Amino acid sequence: MTAERCREWRESLGAQALGQLPAAERVALEAHLEGCPDCRAELESLQSVARLMPLADPGRFAEAPSPPPLLGERIAATIAAEQRTQDRRRQRRRWGFGLAWSGAAAALATAAVLAVFVLGDSGGSGGAPQRQVAFHSLPAGMKIDATLEPRSYGTQIEVYVSGVRSGTLCRVFLRDSHGVRLSAGSFRYRWDADSHAVLSSALDLSRTQAVGIRVGGRTFVAPVA
Amino acid sequence: MDAIRVESETLSGALREERDVREAYAAHAGELYGFAVRSLGDSGLAEEAVQETFLRAWRAGERFDPQIGSLRTWLFAILRNVVIDLGRARAARPRVAERGIEPSVEPIDEALLGWQMEEAMRRIGEQHRRVLVETYYRGRPYAEVAKDLGVPEGTVKSRVYYGLRALRVALEEIGYDG
Numbered sequence: 001m002t003a004e005r006c007r008e009w010r011e012s013l014g015a016q017a018l019g020q021l022p023a024a025e026r027v028a029l030e031a032h033l034e035g036c037p038d039c040r041a042e043l044e045s046l047q048s049v050a051r052l053m054p055l056a057d058p059g060r061f062a063e064a065p066s067p068p069p070l071l072g073e074r075i076a077a078t079i080a081a082e083q084r085t086q087d088r089r090r091q092r093r094r095w096g097f098g099l100a101w102s103g104a105a106a107a108l109a110t111a112a113v114l115a116v117f118v119l120g121d122s123g124g125s126g127g128a129p130q131r132q133v134a135f136h137s138l139p140a141g142m143k144i145d146a147t148l149e150p151r152s153y154g155t156q157i158e159v160y161v162s163g164v165r166s167g168t169l170c171r172v173f174l175r176d177s178h179g180v181r182l183s184a185g186s187f188r189y190r191w192d193a194d195s196h197a198v199l200s201s202a203l204d205l206s207r208t209q210a211v212g213i214r215v216g217g218r219t220f221v222a223p224v225a
Numbered sequence: 226m227d228a229i230r231v232e233s234e235t236l237s238g239a240l241r242e243e244r245d246v247r248e249a250y251a252a253h254a255g256e257l258y259g260f261a262v263r264s265l266g267d268s269g270l271a272e273e274a275v276q277e278t279f280l281r282a283w284r285a286g287e288r289f290d291p292q293i294g295s296l297r298t299w300l301f302a303i304l305r306n307v308v309i310d311l312g313r314a315r316a317a318r319p320r321v322a323e324r325g326i327e328p329s330v331e332p333i334d335e336a337l338l339g340w341q342m343e344e345a346m347r348r349i350g351e352q353h354r355r356v357l358v359e360t361y362y363r364g365r366p367y368a369e370v371a372k373d374l375g376v377p378e379g380t381v382k383s384r385v386y387y388g389l390r391a392l393r394v395a396l397e398e399i400g401y402d403g
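Line order of the protein sequences matches chains E and X.
Position 9 of the first sequence, counted from 1, bears residue number 9 in the numbering used here, the numbering being contiguous throughout.
One rule links them: number in the numbering used here = place in the second sequence (from 1) + 225.
None of these hints come from the bench; they were simulated from the model.
Predicted model, so just to flag it, every value in this text is computed and none were measured.
Be a bit skeptical, because a hint or two may be false.
With beta-carbon atoms standing in for the labels, derived distance ranges [as the list claims (entries may be wrong)]:
(1) I333(X) to R84(E): 31 to 39 Å
(2) E351(X) to H32(E): 51 to 59 Å
(3) N306(X) to R7(E): 40 to 48 Å
(4) G364(X) to L70(E): 42 to 50 Å
(5) N306(X) to R51(E): 20 to 28 Å
Computed list of chain X residues with no C-beta within reach of chain E, every gap over 10 Å [claimed, not checked]:
(6) G255
(7) A285
(8) R288
(9) Q292
(10) D310
(11) L338
(12) V358
(13) E369
(14) R393
By construction, the Cβ of each residue, glycine as well, lies at the ideal position given by its N, Cα and C atoms.
Produce the entire structure from the sequences given, and follow the hints as far as they go.
Set out below in structure tokens:
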């Protein structure tokens, strides 16, 4: 029986794979290997392991170093933060689609506002001085400019916003000499387009003390000199 | 303000979610870190390498295909690239090895094979490891080792054989497919 005979030789295969078998035993083993494909296959398999042994450093066989205990948490936190950023980007893309839907309505509204301006201008209070207002204490990277101009119907307000999230709702109001707020309408800030909005209010510029804008959840107010 | 709902997406690959990363970390971070320390010789850089590996794996989560190879093999393939990148970056700013941990100087693939063998050695039994260290790495005769261990010489030979077989199994577990 091959298996019976092999049992005698198998335990020499390890030493043979590592080149440690004494010459006399090696000659005898090689004679057996000639006629035993199973033992030859086993030797080849052990030799493929033995070939890796010179690459290992026995000084490193002791316990491997463990990662610091908080590394896993740090990685999870980094990934969670990146995930949130990705989610926000995805939301913005969805906002973009939503706004495209309302594009036709927005175009109509703009046309209506322009019509009012044209009529207002033809009513004539042209030549009256514009008022530039300055917004201070804005967050870093954010910019708001407003120009107020008297019109026969009241006041025209041009607002320029930058540095806020695209799609942010901006509500504009004027405050009169009694401290009463009057809405001047609203618009959505969008990147690369429409950052400049033209709005109107029935309040006369001469009675306007301040102009305010609520951007997202924050309100900024600038006095009208 | 309009309510926005982000629909959860159908997830098919590994490491698409933070919890997948946590599971993969629990299973493989020890080995990845061990190899990173061995290759870079610096525990701080090794941490950086492991973190970068999981981040890259998470970002490329959909590219992982379990049909091609195990998650472990994939993570090691990423770590291999990270170690190469960090090694290049470090070449520009040489550092002193810390606490006697020397960065390995051999090519990255040899370092990976060497690390796999070291990891396999850690996984096999003490008796097997001992005879392999004494006879192979220290080059001592079987008779001398047998005398030290108080066993017949035939037992040393037998342990060398079964030690190699155990290493083969351990290497398979680790993912070595050479």
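Practice problem: Sort out which numbered hints this structure fails and list those numbers smallest first. | Solution: The structure conflicts with hints 2, 6, 11, 12 and 14, although it agrees with all the remaining ones.
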